[in-house]
Amino acid sequence: MIGIATGIFSGLFGVGGGIVLVPMLVLWIGFDERKAAATSLLAILIAAGAGAATQLLYGNVHLVAALTVGIPAVGGVLIGTWLQQRIPVALVQLMFSGLLVVVAVLVVIR
Amino acid sequence: MIALAIIIGVAAGVLSGLFGIGGGILLVPVLALVLGLDHVEAEATSLLAIIPVAAVGAWRQQGYGNLDVRTGLIVGVFAALSAIVGVALVNVLPVEAVRYAFGALMLYVAWRLGRSAISQLRADSAGAADR
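Chains as they are written, first to last, in our numbering: chain A, 1 to 110; chain B, 1 to 131.
Just so you know, the hints here were simulated from the structure itself, not pulled from any lab data. Source: prediction; values computed, not measured. No residue lacks a Cβ here, since even glycine has one placed at the ideal position from N, Cα and C. Treat the hints with caution; some may be incorrect.
Looking from chain B toward chain A, a few residues come up when the C-beta cut is under 8 Å (computed) [said to hold, decoys possible]:
{"no.": "1", "residue": "Gly9"}
{"no.": "2", "residue": "Ile25"}
{"no.": "3", "residue": "Ala97"}
{"no.": "4", "residue": "Ala110"}
Build the full structure now, drawing on both the sequences and the hints.
Right, dumping it as structure tokens:
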């Protein structure tokens with residue numbers, strides 16, 4: 001149910017799955033923000049893998065550009081996950097809710 | 001330009017790790033506006049870039065004991081399948097109207113998450129004061 005909703009929203013609005021998925025894991029399943037983020041990343045890995053495989057077939061993927069942003073982002077995710085373990089769960093959730101407001105505005109004005 | 005792309009790449013990764021999102025929210029604009037890809041290419045390329053980020057993030061989270069592998073696998077497979085439905089719906093639905101509804105829904109969710117976070121933070125600080 002959550003997976004289906006995530007996929008439909010991300011396909012519809014071009015938002016990544018995580019922004020939809022994490023709140024559902026928190027509000028519906030009762031995960032805390034760390035567990036929700038961890039589980040969301042695994043789900044994103046699968047969904048992005050399937051998406052990327054399809055797009056590779058269409059020839060839309062630029063490998064050099066992907067590496068240019070992807071390698072620094074791997075460094076960033078190490079920092080982000082490390083940081084997340086050291087910030088109170090409720091504070092992470094409050095920051096996430098701020099991020100949602102930003103994304104809501106971006107979706108509407110796009 | 002490359003330096004800017006690298007810096008924003010790091011920022012995307014930090015957001016990804018902190019919040020469990022893919023980071024496409026920063027990666028797509030940087031690929032399009034800084035590295036000059038068109039919109040479709042930027043979306044496609046960001047999906048590839050997200051793979052190692054999500055893999056490393058999930059692996060680290062597993063180390064911290066936060067990962068629910070079963071839920072992640074199930075949700076991921078259904079999300080991958082239903083993304084096809086979402087893409088198909090874009091061509092049928094009045095997307096403009098749906099977008100406002102989606103924005104409103106996200107604001108509502110933000111309010112609920114924010115409210116519960118604030119009450120937890122208050123309870124924590126009250127608990128700390130008692131000790």
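Hint-by-hint comparison with the structure:
1. Annotation: interface hint on B/Gly9 holds; nearest CB of chain A at approximately 3 Å, less than 8 Å.
2. Because the closest C-beta pair between B/Ile25 and chain A is about 6 Å apart, less than 8 Å, the hint holds.
3. With its C-beta approaching chain A no nearer than about 11 Å, B/Ala97 sits outside the 8 Å limit, and its interface hint is violated.
4. The interface hint given for B/Ala110 is met, as the beta carbon of that residue sits about 4 Å from the closest beta carbon of chain A, less than 8 Å.
Of the numbered hints listed earlier, the single one contradicted by the structure is hint 3.
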